[in-house]
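Mind docking chains B, C and D on chain A? Use the hints.
Chains as they are written, first to last, in our numbering: chain A, 1 to 274; chain B, 1 to 274; chain C, 1 to 274; chain D, 1 to 274.
If you're looking for bench data, these hints aren't it; they were derived computationally from the structure.
Hints should not be assumed to be uniformly reliable.
[Claimed, not checked] Capping the alpha-carbon separation at 25 Å, the derived lysine-lysine pairs in BS3-like fashion look like this:
| # | chain 1 | residue 1 | chain 2 | residue 2 |
| --- | --- | --- | --- | --- |
| 1 | C | K56 | C | K92 |
| 2 | D | K272 | B | K2 |
| 3 | D | K272 | D | K55 |
| 4 | A | K213 | C | K92 |
| 5 | D | K264 | B | K264 |
| 6 | C | K92 | A | K2 |
| 7 | D | K248 | D | K272 |
| 8 | C | K264 | A | K248 |
| 9 | D | K272 | B | K272 |
| 10 | A | K264 | C | K248 |
| 11 | D | K55 | B | K2 |
| 12 | C | K213 | A | K2 |
| 13 | C | K213 | C | K12 |
| 14 | B | K12 | D | K213 |
| 15 | C | K272 | A | K272 |
| 16 | C | K12 | A | K213 |
| 17 | B | K2 | A | K2 |
| 18 | D | K272 | D | K56 |
| 19 | A | K272 | A | K55 |
| 20 | D | K12 | D | K2 |
| 21 | C | K2 | C | K264 |
| 22 | B | K264 | D | K92 |
| 23 | A | K2 | A | K272 |
| 24 | A | K12 | A | K2 |
| 25 | C | K272 | A | K264 |
| 26 | B | K2 | B | K55 |
Number of protein chains: 4
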Amino acid sequence: MKPYRLASREDKDTIIEVHSGEGTCSIGEGYCTIIAGPCAVESEESILTSARLVKKLGAHILRGGAFKPRTSPYSFPGLGVEGLRYLASARKETGLPIVTEVLDVRDVDRVLEIADIVQVGSRNMQNFPLLRELSHQRVPVLLKRGFAATVEEWLLAAEYLMSGGNRQVILCERGIRTFENSTRNTVDLGVVPLIKELSHLPVVVDPSHATGKWQLVRPIAKAAIAAGADGLMIEVHHHPETALSDGKQSLTGANFARLMEEVKSIAHLEGKII
Amino acid sequence: MKPYRLASREDKDTIIEVHSGEGTCSIGEGYCTIIAGPCAVESEESILTSARLVKKLGAHILRGGAFKPRTSPYSFPGLGVEGLRYLASARKETGLPIVTEVLDVRDVDRVLEIADIVQVGSRNMQNFPLLRELSHQRVPVLLKRGFAATVEEWLLAAEYLMSGGNRQVILCERGIRTFENSTRNTVDLGVVPLIKELSHLPVVVDPSHATGKWQLVRPIAKAAIAAGADGLMIEVHHHPETALSDGKQSLTGANFARLMEEVKSIAHLEGKII
Amino acid sequence: MKPYRLASREDKDTIIEVHSGEGTCSIGEGYCTIIAGPCAVESEESILTSARLVKKLGAHILRGGAFKPRTSPYSFPGLGVEGLRYLASARKETGLPIVTEVLDVRDVDRVLEIADIVQVGSRNMQNFPLLRELSHQRVPVLLKRGFAATVEEWLLAAEYLMSGGNRQVILCERGIRTFENSTRNTVDLGVVPLIKELSHLPVVVDPSHATGKWQLVRPIAKAAIAAGADGLMIEVHHHPETALSDGKQSLTGANFARLMEEVKSIAHLEGKII
Amino acid sequence: MKPYRLASREDKDTIIEVHSGEGTCSIGEGYCTIIAGPCAVESEESILTSARLVKKLGAHILRGGAFKPRTSPYSFPGLGVEGLRYLASARKETGLPIVTEVLDVRDVDRVLEIADIVQVGSRNMQNFPLLRELSHQRVPVLLKRGFAATVEEWLLAAEYLMSGGNRQVILCERGIRTFENSTRNTVDLGVVPLIKELSHLPVVVDPSHATGKWQLVRPIAKAAIAAGADGLMIEVHHHPETALSDGKQSLTGANFARLMEEVKSIAHLEGKII
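Bound conformation, chain A alone (with noise of 0.2 Å):
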């Protein structure tokens, strides 16, 4: 018997629809959903130059990040209530829906009034608290696995959220620790279709903290659609070696085009909504 039930495979599989000023984006089964833009917002300058940049190449969702969990406390720790104000500034301005991470439960409603989806990070995919008050929201979660979760506690990890009446789980493969250095995570993929088989949840990719090396976001990316992925997750920077953090694994403009194309013609073969 498996151990969840809410997460657990249906024959419908649960499409999500975030809805902005440009009209209805979609996220399942049969969509190839991009979400793009910095790491961390780190002026309002910055995340609108960003923001449109990604929007004209075809981005569906603002990626941006105003509380980041850092592992140092001498780290840039993003810039809070400032970053979310910049955040709805750039989706007024493009009207691209916005994904931004709650690392505090204390923060919900703040992060609630700007985000379209809310993302939980890695380290808090067993942040119970945390997964339990978004449970009682109407918003759509993105769910990032822990670096170091089975699929199982991924999925109960889901469930978590799903136990309060949330259905809108989106779940968000971002590299798992193993013990090979030479990139920052080990990609699982193999997750993706096995996903697919166990959920009707959504699953997306995040090859840029999967990998940590610009270079390889691009092969990764299109291995994840032609695996079965519903969309991805990507780091673009107008200057990723000015960035205040994970410049090595963002992409510039140029690259994100490339990646653009390229990944539009794999979605197109696998019959997915791009």
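Just chains B, C and D now, kept in the frame of chain A:
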């Protein structure tokens, strides 16, 4: 250059003193401190029985979870505030100081009313808002190593706890996640002497979670002290077979008595006060 | 400085040519080469049936194990020399070149009489006497990544193979061992573009061993080609449910036919000859 | 049902006796046997110096590699047959029995002329032809755990060694590969009491390879004996800083002397003959 400063090796080892009805209990270099008790507080009677048992057998501190992090939303989550009250009764009767886990940053005040030492669990080692909150408190914090955390990440989590002025951090190795499944986790005793080299903070070992099998707890407890650990955290239950959680790794009173006796011999060899 | 030299990136990619009754089969950048067949040679009739099947469906090379590395001394160890003879029959009839594993350095000559490509299995990636012996031969070697080998160790094993003058090494990713047990291994597709950056050698992927589940083989095969792999190694069996080994991860003819069709579309997108 | 039979727990523990110029040395339950010496035999004078040193300080068996498995083809591969001769000299002079590694199945006879115990290294734990060959010999085999081998795979490798009639297998834990890189490997002491439960075979621990840092060797050596190990394998070099391999994890004579003294106290506590 080391990325942590406050947690870094200094001439002087940190000794943490916990005051209770019975006097002062010290944790750190030169001491061998035994924390024992059930995984979860199950009822007032149950925690009192356990407290009397471990007290009689020589434990210095009582453990017991009121708020339990559970992988599944359908598992017993602990008794919550009621469990805290029972822990208070157990302290009152036995004089043993209490260590108990805080899961939710919103519960910090409530837990601090009761806890002599607050535990941050393995899944919360990188719950940065919780670490920040506890860094402003005057309570000793037992910081369990994340089950997939490197030593550097662990010491950086300690750095977070110390960044607000709190100097009372106890590190607890509790096993890491590896490919090996014949034990629940893989106990990493190499980190005990390594932490002693890198940091001034006390380090204790939890062989119960590390191995997941009661038969392995006693040998690994002895090994931990022989490797230089400053103490142990042991799950003891008066009826392991009926425990609501972690019964397989809990010791009976008889087994704990034997552990105490053998650990004492090793501690004496090592010149530690027990 | 890189610790390997002969295996290191050069301007020119290495293309390995295998000659057979039917002409020349190329492996390397620009090609998509499909190696298919049963895990083990089980009988003459069985390998002939499989050979005809995979030939008809478009495979370029026949795989089949005569000497099988088995974790238990009580498992079927392969037919040995008899199995080699059956492989020779299959090549004679179908014209398909043969790849088969050598386990014992004392069997190299015997295996070389039959094999067009010799396989060094995952458990032998650091069997240095075997690597040294093969480095003096003129046969292409398919070098499977050790299931816990880093990319650097893998390329150093290739360096061993090349150190005696052999330049014909094909790298094969077959999944690594991690904490995740919902798949047999964790397929590490990030290494495909990484190897392309670090080395001039061809790299193929074995999704059968990597996932251990036939349902995941097709999606991961497609993902591998989309990530830039130069080919695939696929377990196909006419009756997977009666296979003497690895039945759970073997494709039926019908499933292999579908895989070939979908892989061809991806290969064409990538501009690869298939 | 356990997949191994010959290696499985029985009433009686296996005690292996090694005869040398000085009498009999026993390995198994109730004994604490110390194997010490340099990683590699570097010259006749060097191994004689080391042999005299470890003999004087109380070691029971001399280790030293003549054939060395090296990750790179450009590293020192050992002195080979010449190294075996020097080991023979060292035994002749000191009376210490010799343990040395065999890498190549074709070298078994040559190594057996000299070795009192043959070592199968971590990378060869699943070199099945080598295991089969040794299973027909009458020599004790020290079987190192593969650096990514499960306990079951390790016991199945022992089963291979016993399948031809050889009953003299000594298991050696030497650290496993995990995500943690602050030590060379992660020493898995939980397997010591676990092996005692599952098997009748002796189990020893190699803290030198397990930790890769000489400062950690003494604490982990003591921990291993406290956990129930039947002995230790320790790298000792008269000038670690000039050692051709593994200098960082080798003890000086002074450090080994201190280790011996402290290990003796623990062994006495455990009721072991040392």
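Results of checking the hints against the structure:
{"no.": "1", "hint": "C:K56 with C:K92", "result": "holds (15 Å)"}
{"no.": "2", "hint": "D:K272 with B:K2", "result": "violated (42 Å)"}
{"no.": "3", "hint": "D:K272 with D:K55", "result": "holds (20 Å)"}
{"no.": "4", "hint": "A:K213 with C:K92", "result": "violated (46 Å)"}
{"no.": "5", "hint": "D:K264 with B:K264", "result": "holds (17 Å)"}
{"no.": "6", "hint": "C:K92 with A:K2", "result": "violated (49 Å)"}
{"no.": "7", "hint": "D:K248 with D:K272", "result": "violated (30 Å)"}
{"no.": "8", "hint": "C:K264 with A:K248", "result": "violated (33 Å)"}
{"no.": "9", "hint": "D:K272 with B:K272", "result": "holds (23 Å)"}
{"no.": "10", "hint": "A:K264 with C:K248", "result": "violated (33 Å)"}
{"no.": "11", "hint": "D:K55 with B:K2", "result": "violated (40 Å)"}
{"no.": "12", "hint": "C:K213 with A:K2", "result": "holds (18 Å)"}
{"no.": "13", "hint": "C:K213 with C:K12", "result": "violated (36 Å)"}
{"no.": "14", "hint": "B:K12 with D:K213", "result": "holds (23 Å)"}
{"no.": "15", "hint": "C:K272 with A:K272", "result": "holds (23 Å)"}
{"no.": "16", "hint": "C:K12 with A:K213", "result": "holds (23 Å)"}
{"no.": "17", "hint": "B:K2 with A:K2", "result": "violated (45 Å)"}
{"no.": "18", "hint": "D:K272 with D:K56", "result": "holds (20 Å)"}
{"no.": "19", "hint": "A:K272 with A:K55", "result": "holds (20 Å)"}
{"no.": "20", "hint": "D:K12 with D:K2", "result": "holds (18 Å)"}
{"no.": "21", "hint": "C:K2 with C:K264", "result": "violated (36 Å)"}
{"no.": "22", "hint": "B:K264 with D:K92", "result": "violated (43 Å)"}
{"no.": "23", "hint": "A:K2 with A:K272", "result": "violated (30 Å)"}
{"no.": "24", "hint": "A:K12 with A:K2", "result": "holds (18 Å)"}
{"no.": "25", "hint": "C:K272 with A:K264", "result": "holds (18 Å)"}
{"no.": "26", "hint": "B:K2 with B:K55", "result": "violated (41 Å)"}
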